[in-house]
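One-letter residues, chain by chain:
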Amino acid sequence: MGIEEKAADLGVVTTSLEHVVNWGRTNAMWPLLFGLACCAIEMMGAQSANYDLSRFGMEINRASPRQADLMIVAGRVSRKMAPVVRRLYDQMSDPKWVIAMGDCAACGGIFNNYAIVQGVDEVVPVDVYVAGCPPRPEALIDGIMMLHAKVQREKISGVKEAPITLQHALLQVDVAKK
Amino acid sequence: MDNQTLLKHLRDRFGDAILATDEAHGELRVNLRREAYVAVAQWLRDDPALRYTFLENLCAVDYLGRTPRFEVVVHLVSMQHIHRVCLKLGLPEADPTLDSLTPIFPTANYQEREAFDLMGIRFTGHPSLTRILLPDDWVGHPQRKDHPLVEEEIAFTFNQDRIYAQKPFAKE
Ligand code: SF4
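Quick mapping for you: the protein sequence lines, in order, are chains A and B. Counting with UniProt numbering, you get residues 1 to 178 for the letters of the first sequence. Counting with UniProt numbering, you get residues 1 to 172 for the letters of the second sequence.
Everything labelled a hint here was simulated from the structure, so no lab data went into it. Worth double-checking, as some hints may not be accurate.
What the hints assert, rightly or not - Cut-off 30 Å, straight-line C-alpha distance, at most; resulting in silico cross-link-like pairs (BS3-like, lysine-lysine):
id, chain 1, residue 1, chain 2, residue 2
1, A, 150, B, 171
2, A, 155, B, 167
3, B, 88, B, 145
4, B, 167, A, 150
5, B, 171, A, 96
6, B, 167, A, 80
7, B, 8, A, 80
8, A, 96, B, 167
9, B, 145, A, 80
Said to hold, decoys possible - Beta-carbon label-pair distances, calculated as ranges:
id, chain 1, residue 1, chain 2, residue 2, range
10, A, 54, B, 159, 39 to 49 Å
11, B, 153, A, 27, 34 to 44 Å
12, A, 86, B, 158, 28 to 38 Å
13, B, 163, A, 153, 26 to 36 Å
14, B, 150, A, 87, 24 to 34 Å
15, B, 122, A, 33, 34 to 44 Å
16, A, 50, B, 163, 35 to 45 Å
17, A, 83, B, 125, 31 to 41 Å
Idealized CB from N, CA, C, for every residue including glycine.
Required output: the full structure, derived from the provided sequences and hints.
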């Protein structure tokens with residue numbers, strides 16, 4: 001109303017800083033380049049031409065944790081690998097998010113034994129869990145869209161929300177809705 | 001070389017070290033006294049008529065409830081005679097120690113470390129008997145049959161609240 005329309009006519013858009021910052025974060029989210037097991041194949045599939053993750057501004061996987069802000073834990077984390085995953089997470093600069101991709105990363109999956117960490121949430125704080133063994137690329141993209149929606153809701157105070165669990169895969173999320 | 005010839009050689013040389021022998025899948029298996037183990041392996045390797053120069057495999061088995069409980073299984077191959085022999089060594093639960101084969105067969109190094117790591121067999125004379133697969137601070141030997149099979153109770157909707165209350169979730 002009123003001022004917004006007038007301002008737009010002048011080539012000016014008014015918005016809140018929170019919205020702009022969150023918009024920027026969602027649309028240039030760089031995942032960390034690492035895959036731990038079979039789920040990583042589906043993650044690569046999601047990034048390749050058929051599924052084309054670059055539609056969402058995340059075609060570049062950063063090989064350095066300093067440049068990444070999203071960690072997709074794709075696969076099972078062994079107890080020996082767990083300190084490494086935590087170290088990578090600690091080296092990522094804030095703000096940072098974690099997606100636990102697949103049953104293994106979410107809860108240990110079929111590997112309920114001594115060698116595998118029973119859910120990567122024991123090692124790093126997880127934002128979105130994506131179920132499946134492995135989740136299809138669509139499911140991973142759905143999880144990423146969920147994370148985008150979550151980032152859109154983030155407050156400038158930096159207070160984080162509780163984790164989101166994807167129970168119905170391929171749920172439609174309207175990211176644009178704030 | 002065939003099984004009977006090899007067995008005859010072994011009986012002539014180490015008759016009192018052999019506890020039992022049998023044949024399975026065309027392969028000779030010899031149960032040995034552990035005191036004679038390294039001497040037998042060395043002789044099998046060095047005797048010009050035998051030349052079992054390749055240690056194909058060394059692993060440990062847990063026969064829980066049997067005495068002796070553990071068994072170390074070694075396969076030696078003679079490339080010259082195209083023949084394989086299997087040595088078995090029973091180890092009691094109270095004292096699962098065995099002389100190391102590493103000084104004779106360097107390839108035994110990692111395989112003995114694996115048997116130590118996962119099964120708790122102690123190889124005396126091994127140059128560095130440390131864990132190879134598990135983290136260094138691990139307690140126990142998880143491939144033993146009395147090690148709990150399941151690591152964590154599985155969460156369903158009816159018990160997830162209790163389980164998640166105890167689960168060590170990571171902090172920021
Ligand atoms: S969830 Fe399935 S596909 Fe993914 S890492 Fe585990 S076993 Fe592999």
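Numbered hints the structure breaks, given as an ascending list | Per hint list: single violation, 7.
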